[in-house]
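Residue numbers (our numbering), protein chains in the order written: chain A, 8 to 261; chain B, 8 to 261.
There's no promise every hint is true.
Note that identical chains are pooled: a pair holds if it fits in a single copy or bridges any two copies.
Below are the DSBU-like pairs computed for lysine-lysine, each with C-alpha atoms no more than 35 Å apart in a straight line [stated by the list, open to error]: (1) LYS51 / LYS78; (2) LYS239 / LYS187; (3) LYS187 / LYS51; (4) LYS239 / LYS78; (5) LYS78 / LYS187.
If you are wondering where the hints come from, they were derived from the structure by calculation, not from laboratory data.
Protein chains: 2
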Amino acid sequence: MTGLLTVVGLGPGDPRFLTPAAAEVLASATDLVGYGPYVDRLPKRPGQRRHSSDNRVELDRARFALDLATKGARVAVVSGGDPGVFAMAAAVFEAVDNGDPAWRSLDIRVEPGITAMLAAAARVGAPLGGDFCAMSLSDNLKPWEVVEARLRAALAADFVVALYNPISSARPWQLGAAFKIVAETRDPDTPIILARAVMRPDERIRTLPLSEVEASIADMSTIVIIGASTTKLIERSEGQAPYVYTPRFYGVRP
Amino acid sequence: MTGLLTVVGLGPGDPRFLTPAAAEVLASATDLVGYGPYVDRLPKRPGQRRHSSDNRVELDRARFALDLATKGARVAVVSGGDPGVFAMAAAVFEAVDNGDPAWRSLDIRVEPGITAMLAAAARVGAPLGGDFCAMSLSDNLKPWEVVEARLRAALAADFVVALYNPISSARPWQLGAAFKIVAETRDPDTPIILARAVMRPDERIRTLPLSEVEASIADMSTIVIIGASTTKLIERSEGQAPYVYTPRFYGVRP
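Just chain A, with the same shape it has in the complex:
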């Protein structure tokens, strides 16, 4: 019997955003492996084993899942959002690349999901309508100098920028530093979207001008989208949140 390991994207949280393809993989898995809160989201099934772990042990979790698959299990490694975007898929392939050569012949698949950036953008309009970059603001896995250089490059070329992992108790100052860098080149009225727990019961989404934004508004569950110079608000009636969008055209209007 040959094992199978699929890294499955659960999307932003609400099962209405889980694709049927991902749901099939979850239903047919013998073993679910993942960060506790993601595993807890899933219904219990008779005969299906559940292996929860802490958030900061991605490589250990990947190796554990690969071992299970090598023994013939059908393993689903669950991941929030899309597994390929600042989530579990890269950790699994890092483990394969540096681990037991037998893992290379395993059937390893990735089931895509709706990543937080797309969910947050959909909630406010179309802020990613132009070109955009997505980057992790965490300096756990890369030096802050690299984070800063990438942010500056993206701003200089007038990309919309989505920041994953903007802040945590262990990384309290990085988002404030990023906003200062943004303010060096973007106008004070540039729309900044702070989208917390998108499509979950405790969702909170705010769009603020750069001049009023503060890092303390964000937390670990927040994704931050920084508008380009062309990103616009469409004001609406009293009590209606404005739409936020980035036009597709740039420079001369078609």
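Given chain A, work out where chain B should sit, using these hints.
Relative to chain A, chain B alone:
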């Protein structure tokens, strides 16, 4: 009666990647509006009107849909992939911003979908595992100088770069020019993924080193992903396609 307009992401093509939330919107719409092939993908429903149009009339289509919603219809504007990524959502908000003020009080929603970049990445491994940019290579809506400056900035900061709209009969030379720019800074063995018609019956996905890639391999239905300096192949047994991934860490290894 108040109308509703929802821009719905159909995902990469196969209905197994359509979210239940998007499927609900499609089922309850009185009117479907979209590019012919996208509308044709959807099952016919009694009493539901279908309005197909050509691919190059996004703004006209958006205005038509907004007018229908103003008259009380529940309109679903269908879009491939995710509507917020080089698709219909921005066109709808452009139309609102520059059109009938009544459109601003409409309820306009966006249902996210799996965008081509995520689907293509999932098929080969985790090439977006690090920071990445997504940009349209089309110079229909922005000057080529802007396209080129953004590509150079993204490469210089060592982002993975996903290119949407890489080539068409009306834009035959841009992708070749882009590959030349990539070759100025990236190694000849940098993995380039050309993913055509992902998750559709005529899917074709190739990963080639930069030195062997040619623009003629791509067509209108292709998305191109350019690896960062850290993007790696994991070679496997004879006959098995290599996995492609970008490690999460950069510079010093954790």
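Hint check:
| no. | hint | in the structure |
| --- | --- | --- |
| 1 | LYS51 / LYS78 | within (23 Å within a copy, 46 Å between copies) |
| 2 | LYS239 / LYS187 | both (21 Å within a copy, 34 Å between copies) |
| 3 | LYS187 / LYS51 | neither (46 Å within a copy, 52 Å between copies) |
| 4 | LYS239 / LYS78 | between (54 Å within a copy, 27 Å between copies) |
| 5 | LYS78 / LYS187 | neither (51 Å within a copy, 46 Å between copies) |
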